[in-house]
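J.: For chain A, the structure is supplied; the task is to place chains B and C on it using the hints.
Each chain, written out:
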Amino acid sequence: MKEDYIKIILADDDEDDRLFFTDAFDELKINTRVQTFKDGIYLMNYLNEDNVVLPNVLFLDLNMPRKSGLECLKEIKKDPKFIDIAIAIYSTSASEEDIEKTFVMGANIYIKKPSDFKTLKKVLSEVVTINWQYHTNGLNKENFLLRL
Amino acid sequence: MTLHLKFDFNAICKKVLNDKLNEHQIKHKIIGFGEVEILEKLSDEKLKNFSEDLKEYHIDIVENQKSILIQKIKDAIIDMVFNEDTTTNLKASAYLSDKLGHSYGYLSNLFSEVTYTSIENFIILQKIEYTKQLIINENLSLTEIAFKLNYSSVAHLSTQFKNTTGITPSAFQRIITKRRELKQ
Amino acid sequence: MPARILKKSWFIKSIFFISAFIILVIGGITYRNIEDLNKSSELLTETYELNFKLEQIFSHLKDAETGQLGFIITNDPAFLKPYESGRENINNSFAELKELTKDNSALQDSLKTLNVLIDKRMDSFLKSFRFSSVGNYNDPNFRENFLYGKNLMDTIRSKITAMIDRENQTLNERQQAYESNLKVTPFFLYLVLLVSLLLMFLAYNKIISDLGKLKTYNEQLEIFKESTKQSEVISQHGNWILDIEENTFTFSDNLYRLLGEEPQSFKPTLENFYGYVHPEDLDKLEKEVHKMIKNENLPFIYYRIIQKNGTIKHFKAYAKLHVNDDGKKQLLGITTDITDEIEHYRILEERNQELERNNKELSAFNYVASHDLQEPLRKIQTFLSRLEDKEYDTLSDSGKRYIGRINIASSRMRLLIDDLLQFSRTNKTDKVFKITDINSLLEAAKQDLAELISEDNAVIKADDFPAINVIPFQIQQLFSNLISNSLKYKSQERTPEIHITYTKIKASEDDKLTKPKKAYYHKITFTDNGIGFDNTYAEKIFVLFNRLHNKDEYSGTGIGLSICKKIVENHEGYIMANGQPHIGATFTIYLPA
Chain A
1 MKEDYIKIIL ADDDEDDRLF FTDAFDELKI NTRVQTFKDG IYLMNYLNED NVVLPNVLFL
61 DLNMPRKSGL ECLKEIKKDP KFIDIAIAIY STSASEEDIE KTFVMGANIY IKKPSDFKTL
121 KKVLSEVVTI NWQYHTNGLN KENFLLRL
Chain B
149 MTLHLKFDFN AICKKVLNDK LNEHQIKHKI IGFGEVEILE KLSDEKLKNF SEDLKEYHID
209 IVENQKSILI QKIKDAIIDM VFNEDTTTNL KASAYLSDKL GHSYGYLSNL FSEVTYTSIE
269 NFIILQKIEY TKQLIINENL SLTEIAFKLN YSSVAHLSTQ FKNTTGITPS AFQRIITKRR
329 ELKQ
Chain C
333 MPARILKKSW FIKSIFFISA FIILVIGGIT YRNIEDLNKS SELLTETYEL NFKLEQIFSH
393 LKDAETGQLG FIITNDPAFL KPYESGRENI NNSFAELKEL TKDNSALQDS LKTLNVLIDK
453 RMDSFLKSFR FSSVGNYNDP NFRENFLYGK NLMDTIRSKI TAMIDRENQT LNERQQAYES
513 NLKVTPFFLY LVLLVSLLLM FLAYNKIISD LGKLKTYNEQ LEIFKESTKQ SEVISQHGNW
573 ILDIEENTFT FSDNLYRLLG EEPQSFKPTL ENFYGYVHPE DLDKLEKEVH KMIKNENLPF
633 IYYRIIQKNG TIKHFKAYAK LHVNDDGKKQ LLGITTDITD EIEHYRILEE RNQELERNNK
693 ELSAFNYVAS HDLQEPLRKI QTFLSRLEDK EYDTLSDSGK RYIGRINIAS SRMRLLIDDL
753 LQFSRTNKTD KVFKITDINS LLEAAKQDLA ELISEDNAVI KADDFPAINV IPFQIQQLFS
813 NLISNSLKYK SQERTPEIHI TYTKIKASED DKLTKPKKAY YHKITFTDNG IGFDNTYAEK
873 IFVLFNRLHN KDEYSGTGIG LSICKKIVEN HEGYIMANGQ PHIGATFTIY LPA
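Chains as they are written, first to last, in the working numbering: chain A, 1 to 148; chain B, 149 to 332; chain C, 333 to 925.
Just chain A, with the same shape it has in the complex (with noise of 0.2 Å):
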């Protein structure tokens, strides 16, 4: 009940993107709170900073310069410590054959980025509530797959 917040991180390299993404989650009356990073190599050194929060859920985006998406989600995959962390991808439209790659990578979600804000704020808000059920009822995370 005292840590009733969910937290959220966002890794893309463009300012439009996390613009609206902040903004969408302002927008929504969940008890979020959002940290963006612009690219790869800033999102993994905070996310191996000691003593850190981890995320309920985080957000990549697969091209980024750098490091990309894919390169974090493997890392993180690699690592036991980051195993209650659902991982959504956050990219422009990609092939189906590319989508399936990320889940079996270990991806749980993989978001299409909507082409307007409506949409934007209900796929966000959609992806809290269902990682949340998964959380408060013992759901069986690997089964976590969710396509928007």
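In short, the hints are calculated from the structure, not lab data.
You may find that some hints are simply not true.
Unchecked claim - Here are the computed lysine to any residue pairs in the SDA-like style, where the Cα-Cα straight-line distance is at most 25 Å:
{"id": "1", "chain 1": "C", "residue 1": "K616", "chain 2": "C", "residue 2": "F556"}
{"id": "2", "chain 1": "C", "residue 1": "K371", "chain 2": "C", "residue 2": "L503"}
{"id": "3", "chain 1": "A", "residue 1": "K74", "chain 2": "B", "residue 2": "R322"}
{"id": "4", "chain 1": "A", "residue 1": "K7", "chain 2": "B", "residue 2": "G314"}
{"id": "5", "chain 1": "B", "residue 1": "K163", "chain 2": "B", "residue 2": "N285"}
{"id": "6", "chain 1": "A", "residue 1": "K122", "chain 2": "C", "residue 2": "E723"}
{"id": "7", "chain 1": "A", "residue 1": "K141", "chain 2": "A", "residue 2": "D84"}
{"id": "8", "chain 1": "B", "residue 1": "K310", "chain 2": "C", "residue 2": "D780"}
{"id": "9", "chain 1": "C", "residue 1": "K648", "chain 2": "C", "residue 2": "D658"}
{"id": "10", "chain 1": "A", "residue 1": "K122", "chain 2": "B", "residue 2": "T312"}
{"id": "11", "chain 1": "A", "residue 1": "K38", "chain 2": "C", "residue 2": "E707"}
{"id": "12", "chain 1": "B", "residue 1": "K162", "chain 2": "A", "residue 2": "W132"}
Unchecked claim - Which chain A residues stay away from chain B? Per the calculated CB distances, all over 12 Å, these:
{"id": "13", "residue": "D16"}
{"id": "14", "residue": "Q35"}
{"id": "15", "residue": "Y46"}
{"id": "16", "residue": "V52"}
{"id": "17", "residue": "K118"}
Where a beta carbon is used, it is the ideal one built from N, C-alpha and C, also for glycine.
T.: Chains B and C only, in chain A's frame:
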């Protein structure tokens, strides 16, 4: 080597609770998923120690009346979905109000308020989760699962699966299989 | 041809042997005849001698008798002389006769009887002497004895005559036998000679005709040799022969030319040849040649040579063992100058690579363009939605109208970009084929379009499909594009129905497949009851950005069916459309089985 495990969370929780209660020498009776009847008067300190101990397992003692009711709704739904014996042909709404002694409207509003989702969605989510379990652990075909979960048709189940998860049941199976192959 | 000549030589050989045998037989027969002739004359002499001796004995007897008679008459002992000498002569002649007739038992017997008779006669002579010496010629005993002597004499005479006659008769018989033999022999010899002459004539004839054929063959061989020489020059190859036992080479003229030398300008040895081989390939070639001599076979090998003027040529060589009738082993080799071939191949390869590069660049460009175009467009749309949400009320009417138009235009652009991206993806993605249950792909495609299908109450009926080797994602895309195409161009008058059928066909039995690459195909048809189209556009509808309808009537980019075509082509299959206006359309897909 990778072992693929199958859990019964219900049983695990019950076992943990039972062990902990015995450890703290609390007379009790476990009623159902997430509900324990304490058969003695507990001191605040004893309750606090017990609750601290349970934190380790991420088990919280829910005090709030509303929360208790929500938990009861969830229990009822999970029981309805996962336990074939209690599977009824009744509508979920009738089943819940019947079981919990509140009007469905009240339960529904309360549920949405606290959980950010509706009872209907929760039921669907649970059914789909059960479907996932059956696909992976029991290797059941979609037809068998649809029958088991009282769906009117395979198409219905398949559509609901797709709508809930965004992927088709076969894609789901493919992904999980590939993941396991990758780990080995 | 050589086999036939070989057969003929056997024929001639056998004729020779037969003739030799016949001559041998003739010699044998002649020898035997001469032998016979000799024997017959010997026999004649023998018989004459025998007869003579018999006559002689008789004449001695007669002499003795005459002497006796003379003594009796004259009583002069001088007359006894012939009797006494006769007696001796008879004994001598008898001994000779015995010697002569020792091989003839019949004659010996006769001689014995004769001897007894003669002895008796001699006794009678002696008795007569006794009587005559006392002179009583009238003594009856004397008379009797005298008569007895005369009788004996007659008997001896007849006996000798009989013997002579018999000898003469056997002589005659033998003579006759030899004569008949001698009569037949010349005729037989003549016949045999004739036969052997005939055979020799046949053999001669054969030899002559074979010689004629041999000449023709020789001429043909000469022509063949000439044409080989020409073909060597034209197709740039040279022949060589390695005599395995003697380890000597023969090079054809053109092989010298291939090395850039005058024909037969150096001794055809390996060492001399190695002098031309590219240093980098020398080791390899030497090893191969070593192997070739050991294995008596040379598979295709490739190496380079350097001509004296520095030109590098690529050679390809091949040799096969040839064993002639005498068991002589030769490796017959061909060395070809493949420099031009390699050069052409290299150019082709380069062009191919260039083409591939261009294609890759093009599809990469397509992909990047459509992918990266999405981003700014998405932002435009998102900002637009923000603007609508937050600032809509502050906008003027025309401002609101403009926003509406921008929305429509950007939506259309999104559709275009999405389709284009999908199109380029069908090119870009790796073509991973997998045996896949087609039913599940169709089910997934229906799942993708579930909303549209239930909105239109569309009925989709499909045959059962087998598992086929396909690129699963692409086939699902194909199905989903075809179904959505049918739903998009549905007839307003009836609920849409799509029938999907499956058959496995033999390419040769399907008249629509004009140039099939495979023998069998999976034929899948999608038949709908939509608005159909005029069949003159049956091919055009697959062309990128081609649309049969105004975009105000039917939304669409003209890419969907192009994607279908691309996907089917990725599977090396065919897709065809057949439309009937206001009745429906059929799309037929052929996937290689």
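J.: Decide, hint by hint, whether the structure agrees.
T.: Hints, verified against the model:
| no. | hint | verdict |
| --- | --- | --- |
| 1 | C:K616 - C:F556 | 34 Å, violated |
| 2 | C:K371 - C:L503 | 12 Å, holds |
| 3 | A:K74 - B:R322 | 20 Å, holds |
| 4 | A:K7 - B:G314 | 24 Å, holds |
| 5 | B:K163 - B:N285 | 22 Å, holds |
| 6 | A:K122 - C:E723 | 21 Å, holds |
| 7 | A:K141 - A:D84 | 8 Å, holds |
| 8 | B:K310 - C:D780 | 9 Å, holds |
| 9 | C:K648 - C:D658 | 30 Å, violated |
| 10 | A:K122 - B:T312 | 14 Å, holds |
| 11 | A:K38 - C:E707 | 17 Å, holds |
| 12 | B:K162 - A:W132 | 22 Å, holds |
| 13 | D16 | 25 Å, holds |
| 14 | Q35 | 21 Å, holds |
| 15 | Y46 | 24 Å, holds |
| 16 | V52 | 19 Å, holds |
| 17 | K118 | 18 Å, holds |
When each numbered hint is compared with the structure, violations occur for hints 1, 9.
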